[in-house]
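Both chains come to you apart, so use the hints to assemble them.
Letter by letter, the chains look like this.
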Amino acid sequence: MNFQPNERGYWGEFGGRFVPETLMSPLEELTSAYFAIRDDSEFQAEFLNLLQDFSGRPTPLFYAKRLSETLGGAKIYLKREDLGHTGSHKINNAIGQVLLAKRMGKKRIIAETGAGQHGVATATVCALFGLECVVYMGTEDMRRQELNVFRMRLLGAEVRGVDSGSKTLKDAINEALRDWVTNVDTTYYLLGSALGPHPYPLMVRDFQSHIGKEARQQILEKEGRLPDLLVACVGGGSNSIGLFHPFLQDENVQMIGVEAGGKSSKLGEHAARFMEGGKVGVLQGTKSYLLQDDRGNISLTHSISAGLDYASIGPEHAYLHDLGRVEYVSANDEEALKAFQTLSQTEGIIPALESSHGIAHAIKIAPEMSPNEIMVVNLSGRGDKDVNQVQEMLA
Amino acid sequence: MRIQNKFSQLKTNQTKGFIPFITAGDPDLKQTKELILALARIDSTVIELGVPFSDPMADGVVIQKASERALKNNFGIAEIFDLVKDVRKETQVPIILFSYFNPLLQYGLEKLCADAKDAGVDGFLVTDLVPEEAEDFSNLLKKHDLDMIFLIAPTSSDERLKMVAERASGFIYAVSRTGVTGARETTSQSAEILVNRMRQFSDLPIAVGFGISTADQVAETWKYADAAVVGSAIVREIEKFGSDEKLVEKIEDFAGNLLPKN
Ligand SMILES: Cc1ncc(COP(=O)(O)O)c(C=O)c1O
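Protein sequences appear in the order of chains H and B.
Numbering-wise (the numbering used here), the first sequence opens with residue 1 and increments by one.
Numbering-wise (the numbering used here), the second sequence opens with residue 1 and increments by one.
Next up, chain B with everything else stripped away, as it sits in the complex (with noise of 0.2 Å):
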């Protein structure tokens, strides 16, 4: 429930939210931590690690290699697991893994809830899972506790919206744009569209990404959405900084500064 509470504790202070993304294991797992650390230091809403996947059709190009240099370093769901154990001894910020379903689906979904559950995880996002094929992994996540955000995007009927607000918890992630994920110079109208109309389903927080690069991006999606995400940005800096013993120290100034000074 860290992502319900922090979601109210928001409103309370009638604040808007950050989600920044990062991808485990990018650099290495060791600087994964440090930049959990880093972030929630800042004041993330929730952070989102992205579990690697050897074939992200839904990611850009900046998310794809962050994803090839992650699997290099030889590591499963299980390692990220012990990761997050690691970090809850440090920090309560919400930590939500962002996945594409095979690695889940081959860890075994019913003790992939038990072990996320144990390590601290608060839920989960499957890219290319949708509401209809989501029903016993919804289940198990529920049984134990845990988070399942969906996504919706410009393209979703109505219909889908409301089966989106039956499923989803924690919060609902809108697609800005029809798309992969990456930076993009301007930010599109259709997120406020869509938000307004998940709005009449659904009373969870709504949270925009994919494209999301700058302060300005940010302080546009915070008039209209509850939070706003930060993924192919943040991920591009880690990859320009990967091998800089600086490497934490220069994310978060840039995450913090991705937040609108007002």
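Isolated chain H, as found in the complex (with noise of 0.2 Å):
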């Protein structure tokens, strides 16, 4: 089987470039140069370098014991991308596309973000290398993660709010693509998923790969084998195609995507493309599952998780659900709000609501699992950004 898109960004079906004509020679540009550095044993160590020195990694794999106990069923090892540099996977990527642009020459960078990891992250390599940085987030979003906002400005980078649309991630990446149009020469836009018009999909997926790599050989050298199943929380589908991605071509590593389930199965009222809604069609440069109505036109969405909210999802994700390789679930608001609170008071970790959602359905399927079976749940983020919100809605 082959995990690796065809040379216009296609896997199956799903993926390609859908972007007006402007973009198109700086995709390819971009293109070109992400395949110069991908096999570039000078950018792979520099790139090592700073996920080591500057964020961290690796991540620990940590055997969350008591909530094992507590479930009674498969042992859960959890990846704690919480632990990285800015609390959240997004800083693998933003440090790998950060190196990249200085590469290219650019000295603008433009991000978009949902829960604000990614505007964080980016506005942190960005400092480290002094680049002027521009982040746009939906007004909505700057609400509830209000104390992201803040940790932006305070790393020097511009956000600007989007009050078009649902105020979330799809309306931010619009006036992101928007603002590069616009740009092109000099800004390089650094997305945040899986997600747009080839080669992000590709390079985002290889940049977190390392947290799939890493939790490889961690389990081996924990418990002599690979686990039996992973599991992570699916938005765009970064942190999670990065776990999944070095374990794919292992029969019997089964995985589950687990999407935002919001208040309820209605359309408008969640954020699971895999759900009721979901066609295959084109949003924001790629072809994939997308929540819209009949005529084409995307559905509003809701989630808990700023991270989560969103109508789209990566390519990749299109092709592995089709193809039956990864299992797509979804948990709801009130799911992902209870694993918050219980992987806080059982292991001492509290994680991003984002996160929680992948914790959700751990703690709905170990007890039917036997304990000689493990589980890895990628902690894609912690959860200080969510504190004030979870505080509110639990008053």
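Please keep in mind that the hints were generated in silico from the structure rather than gathered at the bench.
Here the structure is a predicted model, which means the values were calculated and not measured.
Mixed in with the good hints there might be a few duds.
Claimed, not checked - With the Cβ distance kept under 10 Å, some of the chain B side facing chain H (calculated, not the full set): (1) PRO52; (2) PRO56; (3) GLN64; (4) ASN102; (5) LEU104; (6) GLU132; (7) PRO154; (8) THR155; (9) GLY179; (10) VAL180; (11) GLU192; (12) VAL195.
The beta carbon of each residue, even a glycine, is placed where N, CA and C say it ideally should be.
Right, here's the structure in full:
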């Protein structure tokens, strides 16, 4: 089985480049720059060095003993992306792409952000290298992730609020694309998930694959064998594909992606693209599953977590879904909120609300598994950014 | 073949073309019909009819807002076809649909082409569909004798211009500058360079758009291109006078005044 996209960035029927003509040459340029560094040992050494010394990789693989024992089923390991610098996996991709932008001679970096974690990661790496940084963020997300807005500004980035549509991630991407199409000569668009036109889904996946590569080695060291199951939350799909990809060839490793089930299964009240209302279409540069109406307009979405609140999903996930290689399920707001508290209280780890969706599913299925079985859950980020929001909700 | 005929007519008369853009359903479909007829009366070369979309990532704020207004009227491509069918009883002005790809995909491309032909639509311009991704759609359009208008941009390499030349029909739309749609104070030089580069590869008429908003700018564009496209400037007037009972008259005046006097 081949899990590489073809030359035009397609996994099966998913992916491609659906962009205005103005962006095509810049994307071609980006693609050749990316392929040039992909196998360049000097670049990869520089990348790895920053992952280690700046971000603190490798992140630990932690055996969640109390949680596992309380649930009385599978052994649950947590891949601790929450311990990386800036508190989520987003830093891996931000470091990789900023290094690439520097090679390409770009001095201005733009990014979109949902939960603010990608924005913070981008602002952080731009500060490290003294690059100009502009982050687009929906005003609804600015409200619920206020702390991250302040962090980005503290790091010297300009945060531009986006007031159109649902005022969330999708709208921030539209606005970032508008900026990019206007300033292509000077600007590097640092997309934060495994989304968008080729080569972004491939590039982001590659930069995030360190998660899975490390986890593979770590579980072999600790348990002497591969895990039975991997679980990760899926927004655009970067932390999940980063964990899954290095295991795709291992037939005995099952994988579950957890989407945001929101308030209900009604279109508009969730962000689960493989649930009701999700049909193949084209949005923001790529062909994938989308939440949309019969006329092809994109539906509003809802999730308790800003980072999962998005109408589309990365094209590689669409492919893995249709192939049946990865199973996709959803956890709703309530389950995620409960998991947020459960993990805090059983392991002393406050997870991001995004990651809480993965935890919620683990909590659901672990009791049905045997204590001989091993599950790895990607703890994609820490929950400090969500504490205010959760406090309000629990009040 | 209305488009081709219209451009050869321009050539015979040694004049240049004027291509207005309006968003279908802004302020409502009934007025859109009247606006098309008004734009036909001032002898527009082609009318670009925008299909409203929830996520117009290549548009500036003026056309974004027009899309939002139109979407409130709760209609789809089927209703736009009905509108064109209705308009065809009164005018043969070429009409192309200007759309993002997803609404077309969801309609079903095969049915879309058949229904478009039947309604009297002359072609499509799809903002986010570049030649590499357009093979299936452009074959279907060809089969139904409809034109596929492609965009070219100052950033397009010669390779890409050649690819467009192979696939395009009707006319070619040169984007005057990098950026989203929207009126600008000044026109850019990059458009002229781009048009001249494209002429090496294609004999199709070339229209220039993005940022043209005055009669002077139209005249400037006519010096090197075959037609000028005006979008946001007209849409802004529709926004301003949307609820005015003299809307159609006002737009007819405004658009008519965009044509250089000579
Ligand atoms: C901690 C965390 N996990 C997960 C996500 C979801 O994104 P992705 O699916 O790309 O990993 C986000 C996005 O903001 C995030 O901040």
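- Query: Tell me, which hint numbers fail for this structure?
  - Reply: Violated hints (numbers, rising): 11, 12; every other hint is consistent with the structure.
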